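Asker: The chain contents come next:
Protein chains: 4
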Amino acid sequence: MALTAIALNCTLKASDGESSSTDKMIGLLVSELKKKDVDFAGTIRVADYNVKPGVTSDEGEGDDWPELRRRILAADILIFGTPIWLGQPSSIAKRVTERMDAFLSETDEKGRMPSYGKVAVVAVVGNEDGAHHVSAELFQALNDMGWTLPAGAVCYWVGEAMGKTDFQDLPQIPEKVSSTAAMVASNTAHLAGMLKERQYPGVASDE
Amino acid sequence: MALTAIALNCTLKASDGESSSTDKMIGLLVSELKKKDVDFAGTIRVADYNVKPGVTSDEGEGDDWPELRRRILAADILIFGTPIWLGQPSSIAKRVTERMDAFLSETDEKGRMPSYGKVAVVAVVGNEDGAHHVSAELFQALNDMGWTLPAGAVCYWVGEAMGKTDFQDLPQIPEKVSSTAAMVASNTAHLAGMLKERQYPGVASDE
Amino acid sequence: MALTAIALNCTLKASDGESSSTDKMIGLLVSELKKKDVDFAGTIRVADYNVKPGVTSDEGEGDDWPELRRRILAADILIFGTPIWLGQPSSIAKRVTERMDAFLSETDEKGRMPSYGKVAVVAVVGNEDGAHHVSAELFQALNDMGWTLPAGAVCYWVGEAMGKTDFQDLPQIPEKVSSTAAMVASNTAHLAGMLKERQYPGVASDE
Amino acid sequence: MALTAIALNCTLKASDGESSSTDKMIGLLVSELKKKDVDFAGTIRVADYNVKPGVTSDEGEGDDWPELRRRILAADILIFGTPIWLGQPSSIAKRVTERMDAFLSETDEKGRMPSYGKVAVVAVVGNEDGAHHVSAELFQALNDMGWTLPAGAVCYWVGEAMGKTDFQDLPQIPEKVSSTAAMVASNTAHLAGMLKERQYPGVASDE
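Protein chains in written order, with this note's numbering: chain A, 1 to 207; chain B, 1 to 207; chain C, 1 to 207; chain D, 1 to 207.
Same shape as in the complex, but just chain A (with noise of 0.2 Å):
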């Protein structure tokens, strides 16, 4: 069974034809993924769209989430995207686990949310500090919403403290960071494809 991947580029920014930091750390997972065999449906530019404000799948004329939703959970596995600001994910982010918020509510007879054998890694970039606090609160809103996270679930950069350089302007991509991709999009194809082929079995309610 073929895997598919879809990623989110969480940065404030909308698309002006320059690729953004997100971007490329985004495509250094997604072309590891590909040498595991998994296609790749596209990386949503979240600025892009009007998702709204709310904790509903449908927040009513010109919500754009319920799109996006829709193509989010066709995919096998989600590359969730995000700059640092604060040390903290971007707002657009949040936004985006706020509307997920709504799985809760939308389980199957078993109690299985939309996003149950579906996995989600994350890759987050910044000028400075800040990676790991962003992969701990994405972590928690993505596996509280019913994303399975493989080992070692993020792919980050981020410069020398109170830096200002950019994670698309390094003359190459660190060794590091290049090694770590590889093993994530490994460890992320191996769990997607098992719970493709055998989804969680959840709990009927009478059990």
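Please note: incorrect hints may appear among the correct ones.
Which copy? The list can't say, so a pair holds if one copy fits it or any two copies do.
Each computed DSSO-like pair below joins lysine-lysine, with the alpha-carbon atoms no more than 30 Å apart [as the list claims (entries may be wrong)]:
#1 LYS24 / LYS13
#2 LYS164 / LYS110
#3 LYS196 / LYS110
#4 LYS13 / LYS34
#5 LYS34 / LYS110
#6 LYS176 / LYS35
#7 LYS110 / LYS24
#8 LYS196 / LYS13
#9 LYS176 / LYS24
#10 LYS52 / LYS35
#11 LYS24 / LYS52
#12 LYS176 / LYS110
#13 LYS13 / LYS164
#14 LYS35 / LYS196
#15 LYS110 / LYS35
#16 LYS13 / LYS52
#17 LYS24 / LYS196
#18 LYS52 / LYS36
#19 LYS24 / LYS35
For the record, the hints were derived by calculation from the structure and aren't laboratory data.
Quick caveat: nothing in here was measured; it's all calculated off a predicted structure.
Keeping the supplied structure of chain A fixed, place chains B, C and D upon it in accordance with the hints.
Answerer: Then chains B, C and D, alone, in the frame of chain A:
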């Protein structure tokens, strides 16, 4: 293949013949795991041991971590139990994850840490507030150290803000907690079983 | 010198004529601050405005932040109110702190940000769990952006784990919450008064 | 009135005659505080003491906390220094804040904890990543326990992602770190001086 689970109780109190609230939450998860045919290797009350400060796997004379480490890694499933203090995991929980930091340099020829293929879940109790953040801190620390997290990898209880009630003094376990425990156990056993059959392949250093 | 306080309500919902639980907690703090002779400049329901994503003080056409920023900085005290979603501050709260990131480059000749000498406190409500972490995230973001935090700079309420009760639907405000609000207000007014009289001296760049 | 500062070094290593990176960051803050005429009461290397697990002010025989507590509360300013492990404060840092939890029940007749009127700042170093989150965890714990936080209450250094460099091995202290230390010290001395002159009034229980 039979699965085995082991539990850590990171309460600040050494054993005194009485159970703790953390024990009660661990016990709830264990009873559900047993229904899934998981063997239970017992609960390690960490405060009963001398786990020396440090980030290696053996901090020398008198250090009990090498023995605890061996027991933890002999199991397929880790139930990581902690109380909440100041809205955060206990200092003993932090001590344990610091000792696991050594896994980063204990990889095999395919780059896999000793925790690869093993599943961790979190059991959290407090008088009030802090469970989501405790799970965030532990999810990140455990996942960074190679543990895989099944969908919904936490079972918790806390009381109302600034309350004083202990989980073990509740007249009965709230239904929401019971049903969560059943789902956590089901997801955990399912994922651990698959990973035991098919370990992560890892990445050879020359790939 | 009379002190002035302003409040931010970072609920995900725009005004609809009804009060929110966050409003109720803000109102409690305001009533206590008034007893300390602090004037109240009103609550900004952020969801009613178009606060564009970004990290500058003016993100261009249609951006309401410049006006909100002006109002916030005209006050001596900021009550930063947010609900809890997924155990974390709302995406709107995060949006606001991202916009304050610009303060870092808006320092005067003594290196002081526009927020220097001003005091911030946090008002948090949720159905269950998360208040300590929400205050941690906001304390760090606000303090990094130059706000001073008085002793005990948070007033919060959350219900029992996995509960559904709203703060505004409680039959009465719990005594612990009332007494906390009185102390927060007392500390806030005391500290803000001293800082208004004697602003931080800052550091000249050639010191 | 002369001000006094004391420092905690929460490194995992007991003293061995060599300085630690955390010591170096503490030393930088101390040198700046001395320029503001603050006396320095020394650094407590917590790992050299037996700080027993618990949440009371005296955990009985062999517990060194009562003596450390006395020394900490004799100063006006606390420099709370910690290294970063797994992107989080050290287990020893957490141990210390757990012991401060007792302040909550040690209030005077005006509801003031023993830490009221005292100022805390954080000194953080790590090989890579985690400083913002460490300060968030400590800001929340310290502020909940009654400490006041001046504007910009942290001085930190971390290296590039996944790096190995220690702060104390840098050829020289980065200018950004030096200038931050000067500002932290200036803000700290200013605020501590005012609070020493005019303590928080507190709230009488019958108000």
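Asker: Looking back at the hints listed earlier, which ones does the structure fail to meet?
Answerer: The structure conflicts with hints 8, 10 and 18, although it agrees with all the remaining ones.
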